[in-house]
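Chemist: Between the sequences and the hints, there should be enough to build the whole structure, so can you do that?
Okay, here's what each chain looks like letter by letter:
Protein chains: 4
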Amino acid sequence: MSLPRIKKIKIYTLGGSIDKTYSMKESDFVVHDPQVGSILKQANVTVPYEIEEFLRKDSLEINEDEREVLCKKILADPYDYIIITHGTDTMHLTGKALSSIENKVIVITGAMRPASFKETDANFNIGAAFIAVQTMPPGVYMVMNGKIFNPEKVVKNFDKKAFEEG
Amino acid sequence: MSLPRIKKIKIYTLGGSIDKTYSMKESDFVVHDPQVGSILKQANVTVPYEIEEFLRKDSLEINEDEREVLCKKILADPYDYIIITHGTDTMHLTGKALSSIENKVIVITGAMRPASFKETDANFNIGAAFIAVQTMPPGVYMVMNGKIFNPEKVVKNFDKKAFEEG
Amino acid sequence: MSLPRIKKIKIYTLGGSIDKTYSMKESDFVVHDPQVGSILKQANVTVPYEIEEFLRKDSLEINEDEREVLCKKILADPYDYIIITHGTDTMHLTGKALSSIENKVIVITGAMRPASFKETDANFNIGAAFIAVQTMPPGVYMVMNGKIFNPEKVVKNFDKKAFEEG
Amino acid sequence: MSLPRIKKIKIYTLGGSIDKTYSMKESDFVVHDPQVGSILKQANVTVPYEIEEFLRKDSLEINEDEREVLCKKILADPYDYIIITHGTDTMHLTGKALSSIENKVIVITGAMRPASFKETDANFNIGAAFIAVQTMPPGVYMVMNGKIFNPEKVVKNFDKKAFEEG
Chain Y
90 MSLPRIKKIK
100 IYTLGGSIDK
110 TYSMKESDFV
120 VHDPQVGSIL
130 KQANVTVPYE
140 IEEFLRKDSL
150 EINEDEREVL
160 CKKILADPYD
170 YIIITHGTDT
180 MHLTGKALSS
190 IENKVIVITG
200 AMRPASFKET
210 DANFNIGAAF
220 IAVQTMPPGV
230 YMVMNGKIFN
240 PEKVVKNFDK
250 KAFEEG
Chain L
90 MSLPRIKKIK
100 IYTLGGSIDK
110 TYSMKESDFV
120 VHDPQVGSIL
130 KQANVTVPYE
140 IEEFLRKDSL
150 EINEDEREVL
160 CKKILADPYD
170 YIIITHGTDT
180 MHLTGKALSS
190 IENKVIVITG
200 AMRPASFKET
210 DANFNIGAAF
220 IAVQTMPPGV
230 YMVMNGKIFN
240 PEKVVKNFDK
250 KAFEEG
Chain V
90 MSLPRIKKIK
100 IYTLGGSIDK
110 TYSMKESDFV
120 VHDPQVGSIL
130 KQANVTVPYE
140 IEEFLRKDSL
150 EINEDEREVL
160 CKKILADPYD
170 YIIITHGTDT
180 MHLTGKALSS
190 IENKVIVITG
200 AMRPASFKET
210 DANFNIGAAF
220 IAVQTMPPGV
230 YMVMNGKIFN
240 PEKVVKNFDK
250 KAFEEG
Chain W
90 MSLPRIKKIK
100 IYTLGGSIDK
110 TYSMKESDFV
120 VHDPQVGSIL
130 KQANVTVPYE
140 IEEFLRKDSL
150 EINEDEREVL
160 CKKILADPYD
170 YIIITHGTDT
180 MHLTGKALSS
190 IENKVIVITG
200 AMRPASFKET
210 DANFNIGAAF
220 IAVQTMPPGV
230 YMVMNGKIFN
240 PEKVVKNFDK
250 KAFEEG
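Protein chains in written order, with my numbering: chain Y, 90 to 255; chain L, 90 to 255; chain V, 90 to 255; chain W, 90 to 255.
Don't take each hint at face value.
Which copy is meant is left open, so a pair is good if it fits within one copy or across any two.
The calculated SDA-like cross-link candidates involving lysine to any residue, where the alpha carbons are at most 25 Å apart (straight line), are [stated by the list, open to error]:
id, residue 1, residue 2
1, Lys114, Glu241
2, Lys207, Asn133
3, Lys249, Val136
4, Lys185, Lys207
5, Lys193, Glu139
6, Lys242, Gly255
7, Lys245, Asp117
I should point out that these hints are in silico values taken from the structure, not numbers from a laboratory.
Modeler: Structure representation (structure tokens):
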């Protein structure tokens, strides 16, 4: 029985709904501190990981220059197992922007409801991404709704509140 | 890019800490309704699944007869992708009892803190199990703390509140 | 020892942050179902109460006509103990609009963070309002931050995220 | 309009279900850190208060000696507004033990479900106690289920999971 054993997972946070909280000042949601660290602590994860906040944005506001910087960062850093937490609206675009990276497993995930809610998909999705990055062959993937997607072939179905192949 | 696409995941619930809630009558915890269904709904999971409550027990009280019944059930049913939610104390024993099953992927998981708590590893672990069952080759696995274990070679480290290979 | 014993509390819900949830469609908050019923059930409240949804609005959008309708409703109905859940921005305006009502205890409350969050002031505030309405003499009050205010003399301090007398 | 304005609320914590959390070591609930501080912070309470941990016990284990020490402490300290968080099984006994104290408002509360659960009555009850202590005349009270009780005349109805006069 061969089990995945990897040295370290590098996690980049880019903001998005997963990190949104409620601002009393604006009576509105704002993208706040990355939540993935708290989620991994709650799960008492023993696979080594390192978290870096790369952006704190609604994903509709992420531009191609920022995606290129992220791509260069990932190419340059020594880690082969990458998780990216990201807003759901443009996950697939960031996935496409990273598609030229070879020999690394890159998994993009996020949440439909912020991690700060009582009911949220954030913890489930991070758990799913955490295993996907350890078990999938090199490539760029999106993990949402319990499913692994190719960022080139995925659409967000707003009515079903879920991603699907398209 | 080859992505896992499976027809259905069968989920057996056996109780354990993941399903514990607080009983005012006894001022103590009791194993309650299975929580995995609520967790999968929060994640709006689109891979088809079916949940069956098999036991509602503290895992220290599960006996070998019950494990044999579960083994026969899994052998008899048409599903090849199985998740079992289970108390953490004897997960590995149930894993061993199922080790003779061939050609099926069986993933056992649970939680250190009940799903009914604000802070819990339940949702993370279910998300992790959900991807493990889709990506691992046939075999019996335990998924806890973000890691995939062989039930034959795992110990619960009470001080670290985590499982480790041993 | 004289304890307050009242027949029934009438609760009007008008929306506001307390009832906000997250809309995946708009990646933004929306005022959703009234949360006070769920909060009272969690507290297993035994004082009889009745909930009526009057509005479902951000409180900045409540107009004077609506306040007048509410005032007439309260004057006409048979209940002497009234709780109003309300957005925090214009609570005091609704309080002023009801100030002519005599012989009834009216308590306005709400939340700075939605009841759907893990961390929220919603349940605390509803508990506070529930006792204020039973213990205060007839009049119109706002209850927030553990304090009872006169709606004519209260300001929302955005920096302190709290109401204060002013 | 006369509003209650008090200098300071003194809060004694004695443990009980409100402070219970889940121990992975024992796979059981244990009385943990006092939760009232976190609840008051979530509500951003502006009435000054001071918290002192007096005991950390299941209330069935509190004895008469400890109640006498608490009584002497309250008599000796300079505060006139006292909240006590307490297990639900013997709240009324502690209330009776304090009944000789004059000229102070003492409110005992707690929770049927621990504050660490997603669904709990803890925050509601603390909010209710916080207003009761400011609005009631001197005396010893229990506040649970949205109602103010005389500790001499209250029973815990286990079937209804609520306190009632008896």
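Chemist: Determine for every hint whether it applies to the structure shown.
Modeler: A quick look at each hint next to the structure:
1. Only between protomers do lysine 114 and glutamate 241 lie at most 25 Å apart by alpha-carbon distance; the minimum there is 22 Å, versus 39 Å within a single protomer.
2. For the homomeric pair lysine 207 and asparagine 133, the shortest alpha-carbon distances inside one copy (19 Å) and between copies (15 Å) are both at most 25 Å.
3. Taking the closest pair of Cα atoms, lysine 249 and valine 136 come within 25 Å of each other only across two copies (13 Å); inside a single copy the shortest separation is 34 Å, beyond that limit.
4. When the C-alpha separation of lysine 185 and lysine 207 is checked against a cutoff of 25 Å, the pair qualifies neither within a copy, at 32 Å, nor between copies, at 35 Å.
5. Only within a single protomer do lysine 193 and glutamate 139 lie at most 25 Å apart by alpha-carbon distance; the minimum there is 16 Å, versus 34 Å between protomers.
6. Proximity of lysine 242 to glycine 255 under the C-alpha cut-off of 25 Å is restricted to the intra-copy arrangement: shortest distance 5 Å within a copy versus 41 Å between copies.
7. Proximity of lysine 245 to aspartate 117 under the C-alpha cut-off of 25 Å is found in both arrangements, the shortest distances being 24 Å within a copy and 16 Å between copies.
Of the numbered hints stated above, the single one contradicted by the structure is hint 4.
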